[in-house]
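> Here is how the chains run, residue by residue.
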Amino acid sequence: MSITDKIPVTILTGFLGSGKTTLLNRILSEEHGKRIAVIENEYGEVGIDQGLVINADEEVFEMSNGCICCTVRGDLIRVLGNLMKRRDKFDYVLVETTGLADPGPVAQTFFMDEEISSEFTLDGIVTLVDAAHIDQQLGRSDESSEQVAFADVLVLNKTDLVSDDALDTLESRLRDMNRMTRIIRAENAKVPIETVLNLSAFDLDQILKRRPTFLEPEYPFEWTGVYDLDAGKYELMLEEGPDPEMSLVALVNQGENEEELKDGAESSVRLYAEKANTLEPGNTIPYGEHINLKLEDKGNKSFILNIEKPTKVGLFTQHTAEEFNMKVIKSDENKEIPFNTERFWQAEHEHDDEVGSIAIERFGDVDPEKLNTWMGRLLSEKGVDIFRTKGYISYSGNPRRIVFQGVHMLFTAQPDKEWGNEPRRNQLVFIGRNLNEKEMQEGFDKCLI
Amino acid sequence: MPDIEPFSPRGMFHEGWTAEVSDYAIACGWALKGKQFIVGDVAGGIFAFEGDTGKIIWKKENTHSGGLLAMAIHPEGEIFVTSGQDGNVQICNCHEGKVIKTLDLGKGWVEHLKWSNDGLFLAIASSKKVYVFNEIGEEKWISEDHPSTVSAITWSNKNELATACYGRVTFFDIVNNKTNQKLEWQGSLVSMELSPDGDIVACGSQDNSVHFWRRSTGMDAEMTGYPGKPSHLSFDDSGKLLATSGSERITVWSFIGNGPEGTMPGELCHHTEPISSLAFSNKGMLVASGSRDGSVVASFLKNDGNGDPVGAAFAGDLVGAISWRPDDCALAAVNAKGVVNVWKFKVRTNLFSKGFK
Numbered sequence: 001m002s003i004t005d006k007i008p009v010t011i012l013t014g015f016l017g018s019g020k021t022t023l024l025n026r027i028l029s030e031e032h033g034k035r036i037a038v039i040e041n042e043y044g045e046v047g048i049d050q051g052l053v054i055n056a057d058e059e060v061f062e063m064s065n066g067c068i069c070c071t072v073r074g075d076l077i078r079v080l081g082n083l084m085k086r087r088d089k090f091d092y093v094l095v096e097t098t099g100l101a102d103p104g105p106v107a108q109t110f111f112m113d114e115e116i117s118s119e120f121t122l123d124g125i126v127t128l129v130d131a132a133h134i135d136q137q138l139g140r141s142d143e144s145s146e147q148v149a150f151a152d153v154l155v156l157n158k159t160d161l162v163s164d165d166a167l168d169t170l171e172s173r174l175r176d177m178n179r180m181t182r183i184i185r186a187e188n189a190k191v192p193i194e195t196v197l198n199l200s201a202f203d204l205d206q207i208l209k210r211r212p213t214f215l216e217p218e219y220p221f222e223w224t225g226v227y228d229l230d231a232g233k234y235e236l237m238l239e240e241g242p243d244p245e246m247s248l249v250a251l252v253n254q255g256e257n258e259e260e261l262k263d264g265a266e267s268s269v270r271l272y273a274e275k276a277n278t279l280e281p282g283n284t285i286p287y288g289e290h291i292n293l294k295l296e297d298k299g300n301k302s303f304i305l306n307i308e309k310p311t312k313v314g315l316f317t318q319h320t321a322e323e324f325n326m327k328v329i330k331s332d333e334n335k336e337i338p339f340n341t342e343r344f345w346q347a348e349h350e351h352d353d354e355v356g357s358i359a360i361e362r363f364g365d366v367d368p369e370k371l372n373t374w375m376g377r378l379l380s381e382k383g384v385d386i387f388r389t390k391g392y393i394s395y396s397g398n399p400r401r402i403v404f405q406g407v408h409m410l411f412t413a414q415p416d417k418e419w420g421n422e423p424r425r426n427q428l429v430f431i432g433r434n435l436n437e438k439e440m441q442e443g444f445d446k447c448l449i
Numbered sequence: 001m002p003d004i005e006p007f008s009p010r011g012m013f014h015e016g017w018t019a020e021v022s023d024y025a026i027a028c029g030w031a032l033k034g035k036q037f038i039v040g041d042v043a044g045g046i047f048a049f050e051g052d053t054g055k056i057i058w059k060k061e062n063t064h065s066g067g068l069l070a071m072a073i074h075p076e077g078e079i080f081v082t083s084g085q086d087g088n089v090q091i092c093n094c095h096e097g098k099v100i101k102t103l104d105l106g107k108g109w110v111e112h113l114k115w116s117n118d119g120l121f122l123a124i125a126s127s128k129k130v131y132v133f134n135e136i137g138e139e140k141w142i143s144e145d146h147p148s149t150v151s152a153i154t155w156s157n158k159n160e161l162a163t164a165c166y167g168r169v170t171f172f173d174i175v176n177n178k179t180n181q182k183l184e185w186q187g188s189l190v191s192m193e194l195s196p197d198g199d200i201v202a203c204g205s206q207d208n209s210v211h212f213w214r215r216s217t218g219m220d221a222e223m224t225g226y227p228g229k230p231s232h233l234s235f236d237d238s239g240k241l242l243a244t245s246g247s248e249r250i251t252v253w254s255f256i257g258n259g260p261e262g263t264m265p266g267e268l269c270h271h272t273e274p275i276s277s278l279a280f281s282n283k284g285m286l287v288a289s290g291s292r293d294g295s296v297v298a299s300f301l302k303n304d305g306n307g308d309p310v311g312a313a314f315a316g317d318l319v320g321a322i323s324w325r326p327d328d329c330a331l332a333a334v335n336a337k338g339v340v341n342v343w344k345f346k347v348r349t350n351l352f353s354k355g356f357k
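Protein chains in written order, with full-length UniProt numbering: chain A, 1 to 449; chain B, 1 to 357.
Rather than coming from a laboratory, the hints here were simulated on the basis of the structure. Every residue gets a Cβ at the ideal spot worked out from N, C-alpha and C, and that includes glycine. Don't take each hint at face value.
Claimed, not checked - Facing chain A, according to a computed beta carbon distance under 10 Å, are these residues of chain B, among others: (1) 26; (2) 42; (3) 67; (4) 85; (5) 88; (6) 107; (7) 108; (8) 109; (9) 111; (10) 128; (11) 166; (12) 167; (13) 186; (14) 188; (15) 231; (16) 292.
What the hints assert, rightly or not - Straight-line Cα separation of at most 20 Å, EDC-like style, residue types lysine to aspartate or glutamate; simulated pairs: (17) B/337 x A/119; (18) B/337 x B/61; (19) B/128 x B/118; (20) B/107 x A/57; (21) A/301 x A/280; (22) B/128 x A/58; (23) B/337 x A/57; (24) A/85 x B/273; (25) B/337 x A/91; (26) B/129 x A/57; (27) B/337 x A/5; (28) A/85 x B/20; (29) B/128 x A/57; (30) A/6 x B/173; (31) A/85 x B/317.
Unchecked claim - Pairwise CB distance ranges (calculated): (32) B/104 x A/190: 36 to 42 Å; (33) A/376 x B/258: 35 to 41 Å; (34) A/89 x B/8: 29 to 35 Å; (35) B/147 x A/342: 56 to 62 Å; (36) A/369 x B/104: 57 to 63 Å; (37) A/380 x B/35: 54 to 60 Å.
Kindly generate the complete structure, drawing on both the sequences and the hints.
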């Protein structure tokens, strides 16, 4: 039986009150022509309107070896085992977990139990987040972080109760925790059904199509503003902000389209790697150098920008302009010059949560044996903390790429499409708690041929 | 699904009869001392066939809303019980299929039914509780809640019931309402069989092992190395051999001498896909196995658990259940497509000189 013949299963998680049941009812009432079976925990928030609903007891079984990565849900095995015997087979299964449940054992069941994995395939994990309350929950409970970490899709629900700014901040926090996920904003759990069902979350190509930047490198700066400036003297004015100093690279002739911004970013990364020169307020900012603005003093601080002939200046700053209310002012006219373009970057220093994600992208082939040894050791040592793993790899000598996904220590790998003329490369994403990015990247690099 | 080509019955298997029920057949058994064969399908259809010819005697559908989960025929063969997702148990008459009594146990699935050997008691497992009724449906005993859903029940003697759930096997004296023994093991026990003398308790575990205890000595042991979980276990009538599923091979542990600890099990490699049902004959060292590949094989075993096939047949699809006729002169198999096959099993002995009767 190939993966496409198997019945897809979506796991729906989210805290109490996040809107799981509302979403379930939407899915069931929509005209989609699918026969959907819903497996629900005993303590549903409110009733399900229709569809075949089966109660499960949330029975988590730990195996005799005591490894908590090898837990499964006994009730789920029984319910699914019975479902797969029915002649009027279902096209789809939805498993709703309670708000406090760890999605791990549910997901692991589809890897651990050979009878279940031969008939069902885990299509995706959808986590509902209550935009108004998740911020507090993330700090308080491990479960909510884990639910975010496991998600293929995060539905940021109840957006009507929260300001746009707060949503942006929350979204960026969630994205830091799980870079693989797709975030959808919703009011009253109103999301298009195709965004939560048939995700083929296994298919990394689809993820890339949806979110081309998910493997974007992390930059040492958060923000770029491009200013169109005539010749003359300007001041870069900053108010008090969250940091007593801020790194910056200023580039002249900075273009404004995406390609040019990325070029500028790459040059800046190299400059950022060099030691910064510290500038006191009133000093002149040099171009093409890594500098560190001293911002300890109270009140406004200004630094000088001299422009000899008209140009576009790109400022690549460690923090966003907003955080310091940063402005460029033409000195003789005392007039603020707004930026033409701004661009936010995925910044590397933002790891407030223990849960985070790591992406590894490398061209070339790997040695299957070395990779097995490395992955085996990594997952056995860190399996508890690695929630999900996804990616594809290029095995030397194999004409097809190998796709894999995993939950904790368990993972499946299978041959996928042929490489053809495409350059051979490897993309791996790990989501987990307290992951050491440098160590993992170095580990993987040793597996390359 | 099957990777094997259909083939005619061979060896000691001979053409008998075939029939069909409405849905995936999950339970079957011989009633009226082999004169009748009853099949239950997953949707709640119950069908009674004439044992010799396969002629339909009676049928009824949708007996349990949500579906059927278990069926058990009384040792005397005059009545049988069914249970389902509706939380009900129905005691029925084998002759007409008429419901004698319905027991409503609440909203949990009723997944396991077991008559005591003397037929005086019926044990019923529903979710975390086990109930004991008598044959006319009067309640005799109820257990406390188990720590998790009860995964198997069986009688160790006429008053003593064994239950398995996550983490333990418990023995209850249901007449004096006391707990006789608790055997603990951190693991999800998915199946349980007792040796005929009740001393050896064997359980298949979710983590692909068989765990067993000897009640008389308190010794326990674990047999690992299975690729899948051993959901099907069967002891021969003497308690010498335990046949186990868990892969496409039948693994047989011998309890003769100091075994099975430290010994190599017998292995029977007849199927191409995992074993989906397993049953020793009522007498003797004959084990029948059905597989997901649709094949059914009977093997004659030696004391070390190894053995040779003596007959085989093709059932068409995943074998849902198999059942030896009480005289072992016929073997029945039901499959995932609802097909019922009964083969004559001919033994050349003085007793059965004409073979199948």
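> So, for every hint listed, does it hold in this structure?
Taking the hints in turn, this is what the structure says about them:
no.	hint	in the structure
1	26	6 Å, holds
2	42	5 Å, holds
3	67	7 Å, holds
4	85	8 Å, holds
5	88	16 Å, violated
6	107	7 Å, holds
7	108	8 Å, holds
8	109	7 Å, holds
9	111	7 Å, holds
10	128	8 Å, holds
11	166	5 Å, holds
12	167	9 Å, holds
13	186	5 Å, holds
14	188	4 Å, holds
15	231	8 Å, holds
16	292	9 Å, holds
17	B/337 x A/119	16 Å, holds
18	B/337 x B/61	16 Å, holds
19	B/128 x B/118	26 Å, violated
20	B/107 x A/57	12 Å, holds
21	A/301 x A/280	9 Å, holds
22	B/128 x A/58	13 Å, holds
23	B/337 x A/57	30 Å, violated
24	A/85 x B/273	17 Å, holds
25	B/337 x A/91	19 Å, holds
26	B/129 x A/57	14 Å, holds
27	B/337 x A/5	18 Å, holds
28	A/85 x B/20	16 Å, holds
29	B/128 x A/57	10 Å, holds
30	A/6 x B/173	45 Å, violated
31	A/85 x B/317	12 Å, holds
32	B/104 x A/190: 36 to 42 Å	41 Å, holds
33	A/376 x B/258: 35 to 41 Å	37 Å, holds
34	A/89 x B/8: 29 to 35 Å	31 Å, holds
35	B/147 x A/342: 56 to 62 Å	58 Å, holds
36	A/369 x B/104: 57 to 63 Å	60 Å, holds
37	A/380 x B/35: 54 to 60 Å	58 Å, holds
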